[in-house]
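Asker: All chains should be modelled from the sequences, with the hints used to inform the complete structure.
Those letters in the sequence shown? Residues 1 to 399, per this note's numbering, in order.
FYI, nobody ran anything at the bench for these hints, they're computed from the structure.
Certain hints may be false.
Claimed, not checked - With a straight-line Cα cutoff of 25 Å, these simulated DSS-like cross-link-like pairs (lysine-lysine) come out: (1) Lys332 with Lys356; (2) Lys346 with Lys332; (3) Lys329 with Lys296; (4) Lys104 with Lys118; (5) Lys286 with Lys218; (6) Lys134 with Lys182; (7) Lys104 with Lys134; (8) Lys329 with Lys205; (9) Lys296 with Lys118; (10) Lys58 with Lys32; (11) Lys296 with Lys286; (12) Lys4 with Lys58; (13) Lys32 with Lys43; (14) Lys58 with Lys3; (15) Lys32 with Lys4; (16) Lys6 with Lys178; (17) Lys104 with Lys178; (18) Lys50 with Lys178.
To be verified - The following label-pair restraints were derived from C-beta to C-beta distances: (19) Gln265 with Lys118: 28 to 34 Å; (20) Glu51 with Trp301: 30 to 36 Å; (21) Ser264 with Gln42: 16 to 22 Å; (22) Lys43 with Tyr232: 50 to 56 Å; (23) Trp386 with Lys6: 48 to 54 Å; (24) Ser389 with Thr330: 19 to 25 Å; (25) Asn385 with Glu51: 44 to 50 Å; (26) Gly379 with Trp301: 21 to 27 Å; (27) Glu213 with Val152: 14 to 20 Å; (28) Pro199 with Asp367: 44 to 50 Å; (29) Ile87 with Ile371: 22 to 28 Å.
All C-beta atoms, glycine included, are put in the ideal place defined by N, C-alpha and C.
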Amino acid sequence: MLKKIKTSSLVLGMHIHAFCGPWLHHPFWRSKFTLKGQKDIQKIQQSSIKEVIINIQKGCDVAPLKKTQQAKIALPTTSAEPTQPYIPMEQELSRAITIYAESKQAMQCIFDDVRMGKTVDVNTAKSIVDDISKSVMSNSGALISIVRLKNVDEYTYMHSVAICALMMAMAKTLGFQKEQIKEAGLAGLLHDVGKANIPAVLLNKPGPLTEEEHKLMKSHPKEGYKILKQQYSVSAAILDVCLHHHEKVDGSGYPSGLIGNQISQLTKIASICDVYDAITSDRAYKEGWNPADALKQMSQWTGHFDQVLFQTFVKLIGIYPIGTLVKLKTEKLGVVYEQNSQSLLKPRVKVFFCAKTHRYLNPEIYDLSDISITDSILGPEDPENWGISNTEQYWAVKQ
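Answerer: What follows is the structure, encoded as structure tokens:
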């Protein structure tokens with residue numbers, strides 16, 4: 001027998017049958033299991049999931065309430081903030097490209113001001129965050145994907161925009177309130193402002209850095225902290241992200257070598273987003289990894305990231321991130337066009353190539369979550385192995 005209960009009523013021994021909400025929002029890879037540890041209960045209660053379905057034939061039931069307890073139960077007095085309506089990828093990409101262009105120009109001005117000894121224009125930064133927030137809240141995949149298309153020369157500015165979008169999307173997924181989401185965005189946008197005081201020749205050096213150059217590069221968190229500390233309107237949380245976004249949970253990061261819970265949740269989020277965008281972006285000294293490979297590599301870097309938050313990040317980006325070339329069971333190739341929050345294995349895919357005949361097809365979107373579509377993903381493919389270039393044309397609006 002199945003029963004829906006509040007997550008606040010969970011006890012050890014209950015068998016979880018399903019979570020009441022998108023899989024993207026709960027902190028586990030599986031949806032059916034028996035609660036055997038208090039940590040599992042805490043993870044569920046700290047997520048944005050408010051209700052679950054339990055199977056009382058496979059596990060414990062809720063203890064019956066006494067009459068005196070029943071009398072004390074009242075309806076909640078607070079109401080959830082209204083959420084922005086979801087906008088399909090086809091529509092949101094256009095707005096994302098406009099935001100990309102406008103935020104690039106604004107970030108260049110912010111960095112130029114800092115180089116000339118001026119203070120950070122926080123109002124301009126907040127305006128950028130407001131614009132990015134509208135896109136992320138409507139469809140987080142659009143802007144997150146578009147900023148991946150930045151070129152080498154744009155990296156310093158657009159990396160900040162990418163981290164802003166990623167951190168807001170993470171905050172949204174974790175159930176943060178509206179103002180907390182915007183604070184996360186502002187922290188992401190300003191996290192690397194200290195690089196404005198690093199020589200451009202060093203930031204864009206095509207070869208390995210010397211020991212002295214490494215030392216100078218690693219000074220940017222402290223430089224950024226000094227710059228932002230002059231601003232009364234910058235919160236302590238944002239200052240913390242700026243100073244500590246290169247810390248690792250095992251204590252091997254810098255500048256302070258913080259360990260585990262010494263690192264704030266927001267800074268742990270920033271660390272994950274920062275590394276992901278850095279390794280998937282083309283740099284002066286290397287080409288970026290494809291997103292699927294990047295997530296695989298990051299999952300193996302034990303001690304770098306908070307694992308619960310990293311799993312949330314993977315569910316946000318997707319097992320097959322937008323833009324990934326995949327092969328379907330029907331021997332067709334396509335790029336992942338949009339994620340499906342209900343199942344990471346069933347995204348929308350734009351099919352355009354037949355692997356059997358090695359011929360291009362008229363592009364067609366397959367929604368793998370549609371019961372009428374019997375196709376499924378076999379796995380990711382390397383575009384070079386198929387002689388395919390510029391896969392961006394199939395999922396991104398031409399810039």
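Asker: Can you list which hints this structure breaks, lowest number first?
Answerer: Structure breaks hints 8, 9 and 22.
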